[in-house]
Amino acid sequence: MAARTEAVPAWQRGRVASWLVTTDHKRIGILYVGTSLLFFVLAGLMAVAMRLQLAQADADVLGPDRYNELVTIHGTAMVFLAVVPIMAGFGNFLVPLMLGARDVAFPRLNALSYWLFALGGVVLMLSFFADGGAAKAGWTSYPPLSTDSTDAAGTGQDLWILSIHILTASSLAGAINFIVTIHNLRTRGMTWTRMPLFVWSIYIFAWLLMAVLPTLSAGLTLLLLDRGVSIGPWEVETSFFSSGDGGAPVLYQHAFWFFGHPEVYIMVLPAFGIVSEVLPVFARKPIFGYKAVAFSTVAIGFFSMLVWAHHMFTVGMPNSLNAFFMIASMVIAVPTGVKIFNWLATLWRGNISFDSPMLFVLGFLSIFTIGGLSGIYLAAFPIDWQVHDTYFVVAHFHYVIMGGALFAAFGGLYYWWPKMFGRMLGETLGKWHFWLMFIGFNVTFFPQHLLGLDGMPRRIYTYSNEGWEGYNLTSTIGSWVMGIGILLFFVNVVRTTRSGKRVGNDPWQADTLEWYTTSPPPPHNFDEVPYVTSARPLYDLRRRLREQRSARGAY
Amino acid sequence: MAAVRALLVLAGLLLVAAVAAPLGLADNGGFTPVDPASPNAEGIRDSYLFVSIFILLVFVLVEALLLAFIVRFRRRKRDRFEDGAQIHGATKLELMWTVGPVIILVLIASFVFIELPGIANIPSAEARGRLEVKVTGRQFYWQFEYPNGVVAIDRMRAPAGVPVRLEVVSTDEDVIHSWWIPALGGKIDAIPGTVNETWFEVEEPGVYEGQCAELCGVQHAAMTTAVEVMPEDEFDAWLEERRAEQSEGTSELGQELWEGVCAKCHGLAGEGGIGRRLAGSPLLADPQALENIVRNGRVTRAGRMPPVGAGWTSEQMEALTGYLRENPPSGS
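Residue numbers (my numbering), protein chains in the order written: chain A, 1 to 555; chain B, 1 to 332.
Worth flagging that the hints you see were computed from the coordinates, not collected in a lab.
Remember, it's a predicted structure, so these values are computed and weren't measured experimentally.
C-beta atoms are modelled at their ideal positions from N, C-alpha and C, and glycine is treated no differently.
There may be inaccurate statements among the hints.
Cβ pair distances, simulated, as ranges [said to hold, decoys possible]: (1) B:L67 x A:V229: 55 to 65 Å; (2) A:S464 x B:E315: 30 to 40 Å; (3) B:K77 x A:V503: 36 to 46 Å; (4) A:F324 x B:G273: 38 to 48 Å; (5) B:L268 x A:V41: 33 to 43 Å; (6) B:A279 x A:F490: 42 to 52 Å; (7) A:G244 x B:R298: 17 to 27 Å; (8) B:K134 x A:W192: 55 to 65 Å.
On the chain A side, residues computed to face chain B include the following (Cβ under 10 Å) [as the list claims (entries may be wrong)]: (9) G246; (10) P249; (11) Y290; (12) M305; (13) T314; (14) A333; (15) T346; (16) N351.
Using the sequences and the hints, build the whole thing.
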């Protein structure tokens, strides 16, 4: 092949400019991770403000309108701007490296998905300054509340829809890229069953995005039309979801949750992937039951599309339908259980070190188990009639998404940081970060189960029941502890950037191909890639080296 | 590694303390739903307790194994990169932990199906004197209508020992709400264009509180409600008396409307809040204009008010205007 000789224009070589125009999957991955951490902090501060408002009965820290804005944007931002994109960031950085590829299949499309993500995030955050403030109808934005002429007046809700549309375009482009990359760019010898489990999880993550995002887009477009749009001389105001003109409000909920439930797995499957990479390395063992773990990822992805109406048990569906969605939801518990037990078995007879990545992954295991188990209550629809839309549900999904996905994501950051930047994050601060976050998390969210059982609905900006004050105050204090923990992470990042310990290719003696190249890897990733003969190419390589050495020693 | 153990113990103690401390502060806050007062709530509580057996079992199993493995297989003096046992899996074990959960889930689902009729089936109309109440969720109040036309706001009266069937709706102008009195069973959404139903039957007279469970706008948090269960004869007497008073315009309905519908935004004394100050407003002296804004709401640059009174009967409207004529809000 003729060598490309076109030189990079001078203006693109600057320290900032080179990041703005980059199509390198590693840089895009880092941009994704950095930007989602920024949105994570913003959405986290919103949560701290809400916890302050709820610390005492009849408090007046935030007004009801501002509180409803924060409820809406905190949820939307955490899902669309923090957790999903941080996983996309890991995927971007790692998938080509793990596959032994030079880049993703469509590098420019990849840059486009990042910039669309950034744009969508900016639109959502700036909507606070819109006429009438940001959207106030919750991250689910059910009509008629989200089309209501009093509560949803102003442009905040329209900007919310616009932002989700932009983010959807970003995710779809990213998903196509992942799927094509994983199908076509695996290095020699890397069959499907030798592919790292993280890549498996990104593969299903991408298919789920492709499968369910169009339904969300359709639902939101109908919502936008219901709110009324004017294009030049045309004024359109439909009534898909307004009962007065024959529409059905519940139809929107079906469209939303057909996307919304798989979205949970879109956030959590890559976390599962991170756990499946980190656990074996720090237990010095292969993953227990590779095929079971990989197949359970596929099974969870498939079943996640058959359970959406368990979010809607109180809308008055026939009980035969409720029963279907209960059973389907319970079916998902089986492959999830398989994963948990396989991870536990991976620890069995290991040689376990407790570095920060491992602490976060073990924290994930203990917390996610609680989130998974509380989900069984919610799947049983008569019990859901009691706890639906209460703090029990708030506790449940924070145990799954924050305790699950975000703990794994932090584990992943500590684990891959040396690969991304060539320096190891500080271990002492890392341990402090973990313990403060672990304790703070449980103190914040465990009492919320009890609040929900005691009758406290979610999304209320205040309450008068003094019986709820104790738990609420506890929860608020927990949120500060967690906040300090997360702050320490950023202190750690700054200190590491200045004076972190430099590392070689493979500081953890790990098993997958990304550790074969330098830290950070060169733009083209690999000078050469070893032929892959198992799911642990680097383990095989080290063993062969050992054997050669001892064979030589015998002479 | 002693440090790891000490930290684990510390974390455990902190967790226990964090959970135990507020237990003493909460009235009935515990690990079970609110004490049930109606058979459907009992069925839900029983299902919850049954599921809890397995949840606790699996929870203890998983967390204990996790802790045991962390302690037992920690590195100690071994080399950091020394291999652990190179075990790639065990099909029999993996089958066990696939089938085990299946059995548990079958048990849970079966129990739920056994309990379901007692929770969901509304006692038939032939059941002794079943009462029908229409419950309408509105921004931001609950309206209760009895078969004889009596209307009440935010506080439902019901007879003890009699099944009560609730028809739960919202109106076309309004949004989705969710009816929920924890002690009297699960919640059911009030959705524009849909008629949902639920029920309760309470033996013990008393007041059972609840509130709207579906985000419905700015004053969602103020949508509290209560069911006052009275001995049957007392209830019958109340319903008769209220019927007569309502026709004469002397019932408490006017005050209930003011407090339940208007005051949540405009303040109990009309001093203003989310809505504008009403005390001293010329509107109050003009029943025609008042009715117009209450029925149709208003969306202007200055403020937005939902059509809170859309669909009210003229009797109901007069109850409000009459009350305000007699008791103009003082403003403080």
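Taking the hints in turn, this is what the structure says about them:
1. Hint check: L67 (chain B) to V229 (chain A), Cβ distance near 57 Å, so the stated range 55 to 65 Å holds.
2. The hint said 30 to 40 Å for the Cβ distance between S464 (chain A) and E315 (chain B), and at roughly 31 Å that hint holds.
3. In this structure, K77 (chain B) and V503 (chain A) break the distance hint of 36 to 46 Å, their C-beta atoms being roughly 24 Å apart.
4. At roughly 45 Å, the beta-carbon separation of F324 (chain A) and G273 (chain B) lies within the given 38 to 48 Å, and the hint holds.
5. At roughly 41 Å, the beta-carbon separation of L268 (chain B) and V41 (chain A) lies within the given 33 to 43 Å, and the hint holds.
6. The supplied range of 42 to 52 Å is met by A279 (chain B) and F490 (chain A), whose beta-carbon atoms lie about 51 Å from each other.
7. Look at G244 (chain A) against R298 (chain B): about 19 Å separates their beta carbons, and that is inside 17 to 27 Å.
8. Evaluation of the 55 to 65 Å hint for K134 (chain B) and W192 (chain A) yields a pass: the beta carbon distance comes to about 59 Å.
9. Residue-level restraint check for G246 (chain A) holds (minimum Cβ-Cβ distance to chain B is 8 Å; threshold 10 Å).
10. Against a cut-off of 10 Å between C-beta atoms, the interface hint on P249 (chain A) holds, since the closest Cβ of chain B lies about 6 Å away.
11. A hinted interface residue such as Y290 (chain A) counts as satisfied when its beta carbon comes closer than 10 Å to some beta carbon of chain B; here the least separation is about 7 Å, so the hint holds.
12. The restraint placing M305 (chain A) at the interface with chain B is violated, with a minimum CB-CB distance near 19 Å, outside the 10 Å limit.
13. About 5 Å separates the beta-carbon of T314 (chain A) from the nearest beta-carbon of chain B, less than 10 Å, and the hint is met.
14. With 10 Å as the threshold, the beta carbon of A333 (chain A) comes within range of chain B, its nearest partner Cβ sitting at about 6 Å, so the hint holds.
15. Annotation: interface hint on T346 (chain A) holds; nearest CB of chain B at approximately 9 Å, less than 10 Å.
16. Given hint, N351 (chain A) at the interface with chain B, holds; its Cβ is 4 Å from that chain's nearest Cβ, closer than 10 Å.
Hints 3 and 12 from the list above are not met by this structure, while the remaining hints are.
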